[in-house]
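Chain A is fixed; fit chains B, C and D onto it per the hints.
Protein chains: 4
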Amino acid sequence: MLIELSINPLGRGTHLSQDLAEILKIVDWSGLKYCLTPLGTCIEGEWDDVMALVKRCHEEARRRSMHVMTTVRIEDEAGATDKLNENIASVERAVGAIN
Amino acid sequence: MLIELSINPLGRGTHLSQDLAEILKIVDWSGLKYCLTPLGTCIEGEWDDVMALVKRCHEEARRRSMHVMTTVRIEDEAGATDKLNENIASVERAVGAIN
Amino acid sequence: MLIELSINPLGRGTHLSQDLAEILKIVDWSGLKYCLTPLGTCIEGEWDDVMALVKRCHEEARRRSMHVMTTVRIEDEAGATDKLNENIASVERAVGAIN
Amino acid sequence: MLIELSINPLGRGTHLSQDLAEILKIVDWSGLKYCLTPLGTCIEGEWDDVMALVKRCHEEARRRSMHVMTTVRIEDEAGATDKLNENIASVERAVGAIN
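Chains as they are written, first to last, in the working numbering: chain A, 86 to 184; chain B, 86 to 184; chain C, 86 to 184; chain D, 86 to 184.
Hints in this document: simulated from the structure, not taken from any laboratory. Be aware that one or more of the hints could be misleading.
One copy or two, it doesn't matter: identical chains are merged, so the pair holds either way.
In silico SDA-like pairs for lysine to any residue, Cα to Cα no more than 20 Å straight-line [what the hints assert, rightly or not]: (1) Lys168 to Ala106; (2) Lys110 to Ile173; (3) Lys140 to Met86; (4) Lys168 to Pro123; (5) Lys140 to Asn170; (6) Lys168 to Ser91.
If you're wondering where the values come from, they're calculated on a predicted model, not measured in any experiment.
Excised from the complex, chain A in its bound form:
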């Protein structure tokens, strides 16, 4: 499955890139496939692996803030693989077919 993870630690000022960098290192160490987007991090893998990683990332944010808002958007499609690349590619192919 594919998720997009977005973590907002409150009470940490208005610039979050230092906190988000520490969290991104945890994603990177996990070995799961991921990509950064302008508003989150997409991660692909099996439910238990991905959600264990989400928990570690959220806990890192909670070590930094007493109050954390985390959003996980999940797309789970039977038999789909490489959705990190294929979701964008399939839309681009469909656009090409229209034009």
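This is chains B, C and D only, laid out in the frame that chain A set:
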């Protein structure tokens, strides 16, 4: 912590209440505190309990659809209890103090 | 249509009920039907009316914070009315039919 | 400001790339800066321009489906520009500074 869970099984037509009712029964059986909202279900509990329930609900949706979109919005605040009631009550108290 | 609005002003500490109360007053003054949920505010109305209200609420948050994260989840179903009540009621009826 | 737009038309089967391609053409014609992500489309611009585009995209989905779920996640930071690129770049710089 408090979450809001929203599950959209694709390819199931435009009326989802039957699918959502089956999922809601799983929430109800869990024993965790919850409430329905117009666009989701809020559930309160410890991370592992809540996320195990989210997985069971998502899997029920996947038995019904090959392609499921699930959103989990998490609010986790140190020491907070009864956020299902207290989040609304604290805003209403603050409104009362303004007026 | 029905939306759920969730506004997070950053850099305002970890307790947001005062800011959220000021925003809720704007919702209340709008005359649109709404209800508070533990993680947001659901509002029902026509697109232009609802989105004009979302803009006013977001702008109030921006007056209070230089950096605001706002999420709008929209459900738009042809011919549906009173979704603030009917969404919950239809799931509860479906649960009743199962049991 | 920066948004991420995600549109789910219900009752359209489990493969949405054709519908999403038609919507993407509307984004492309708008002239606003955007990028595709695996789970949505990020768009940058002023509130009124971006939200007018969101409305046109949502209406296209509603022409194709009687029931549409649309999510708009908004990040609005005073004085920020080129957040489509800068959000990712600032996290990557912070990761580099840690290592």
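Hints and how they fare:
In the homo-oligomer, the alpha carbons of Lys168 and Ala106 lie at most 20 Å apart only across protomers (16 Å), although the nearest pairing inside one protomer, at 24 Å, exceeds that limit. Taking the shortest Cα distances, Lys110 and Ile173 sit within 20 Å of each other only across copies (14 Å), while inside one copy they are farther apart (25 Å). When the C-alpha separation of Lys140 and Met86 is checked against a cutoff of 20 Å, the pair qualifies both within a copy, at 16 Å, and between copies, at 12 Å. Proximity of Lys168 to Pro123 under the C-alpha cut-off of 20 Å is found in both arrangements, the shortest distances being 18 Å within a copy and 7 Å between copies.
For the homomeric pair Lys140 and Asn170, neither the shortest alpha-carbon distance inside one copy (24 Å) nor that between copies (25 Å) is at most 20 Å. In this homomeric assembly, Lys168 and Ser91 come within 20 Å of each other (Cα to Cα) both inside a single copy, at 18 Å, and across copies, at 16 Å.
Hint compliance for this structure: hint 5 alone is broken.
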